[in-house]
Amino acid sequence: MKTINLQINWYVYSLQLLVFVLLYVMFLKFELAMMAKLIGGVGSIATMLSVVSVIFGKKYVHIDKAGFSYRIFSKTCYLHSDDIKALKVTKIAGSYILTVQLKSNKQTYFPYWMADQDEVQRAAKQFGCALVGASLSEVKA
Numbered sequence: 038m039k040t041i042n043l044q045i046n047w048y049v050y051s052l053q054l055l056v057f058v059l060l061y062v063m064f065l066k067f068e069l070a071m072m073a074k075l076i077g078g079v080g081s082i083a084t085m086l087s088v089v090s091v092i093f094g095k096k097y098v099h100i101d102k103a104g105f106s107y108r109i110f111s112k113t114c115y116l117h118s119d120d121i122k123a124l125k126v127t128k129i130a131g132s133y134i135l136t137v138q139l140k141s142n143k144q145t146y147f148p149y150w151m152a153d154q155d156e157v158q159r160a161a162k163q164f165g166c167a168l169v170g171a172s173l174s175e176v177k178a
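Positions in the sequence shown are counted from 1; adding 37 to them yields my numbering.
Hints are computed from structural coordinates only; laboratory data are not their basis. Any given hint might turn out to be false.
Unchecked claim - Only pairs whose alpha carbons sit at most 20 Å apart, straight line, appear in this in silico SDA-like list of lysine to any residue:
#: 1; residue 1: K122; residue 2: Q154
#: 2; residue 1: K128; residue 2: V169
#: 3; residue 1: K112; residue 2: K143
#: 4; residue 1: K74; residue 2: Y61
#: 5; residue 1: K102; residue 2: E156
#: 6; residue 1: K162; residue 2: I41
#: 7; residue 1: K128; residue 2: L52
#: 8; residue 1: K96; residue 2: T84
#: 9; residue 1: K96; residue 2: S111
Unchecked claim - Label pairs and their computed distance ranges (CB to CB):
#: 10; residue 1: T127; residue 2: A70; range: 34 to 40 Å
#: 11; residue 1: W47; residue 2: Q144; range: 20 to 26 Å
#: 12; residue 1: Y146; residue 2: A70; range: 32 to 38 Å
No experiment lies behind these values; they were computed from the predicted model shown. We put the beta carbon where it would ideally sit given N, CA and C, even for glycine.
Take the sequences, apply the hints, and build the full model.
So this is what it looks like as structure tokens:
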């Protein structure tokens, strides 16, 4: 199995930015300018920093025969294929969220990442685990 590099989920990032802009407008409407600047500004900056870190390779998710490896800024984490119990795909607000459930019942979510349906199915087959979730005809993880 070749390495699968999950792609950035622009839909989720767009929704997140939209929520922060709406909160900003709502707080301004209620004349809470300081709260509007704090929530809208900090939230938007955090979202943009996250996007920039993905673009420059500081955040990533890879799937290969050894399992999942993902990096968040300077911390690299691994989910070994032997420990994976199931891959779950859940549709939330029009976006597909990929979740890895370990045999210890710990779950790791990847809401900001997308994978192709075929790739998720191949990964589940390679790991010998269940693929649970949305109808397989609509899975985009």
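Comparing the hints with the structure gives:
Between K122 and Q154 the CA atoms are separated by roughly 18 Å; this keeps the pair inside 20 Å, and the hint holds. Annotation: proposed proximity of K128 to V169 holds, straight-line Cα distance about 12 Å (limit 20 Å). Restraint check for K112 and K143: satisfied, since their Cα atoms lie roughly 19 Å apart, inside the 20 Å limit. Simply put, K74 and Y61 have alpha-carbon atoms about 7 Å apart, close enough for the 20 Å limit, and the pair holds.
Restraint check for K102 and E156: satisfied, since their Cα atoms lie roughly 12 Å apart, inside the 20 Å limit. Of the pairs offered as hints, the one joining K162 and I41 holds, with about 14 Å between alpha carbons and a cut-off of 20 Å not exceeded. The straight-line distance between the Cα atoms of K128 and L52 is roughly 14 Å, inside the 20 Å bound, and the hint therefore holds. Restraint check for K96 and T84: satisfied, since their Cα atoms lie roughly 13 Å apart, inside the 20 Å limit.
Pair hint K96 plus S111 holds up; C-alpha atoms about 9 Å apart against a cutoff of 20 Å. Roughly 37 Å separates the CB atoms of T127 and A70, a value that falls within the hinted 34 to 40 Å. A hinted range of 20 to 26 Å holds for the C-beta pair W47 and Q144, which are about 24 Å apart. Roughly 34 Å separates the CB atoms of Y146 and A70, a value that falls within the hinted 32 to 38 Å.
Consistency with the previously given hints is maintained throughout, with no hint failing.
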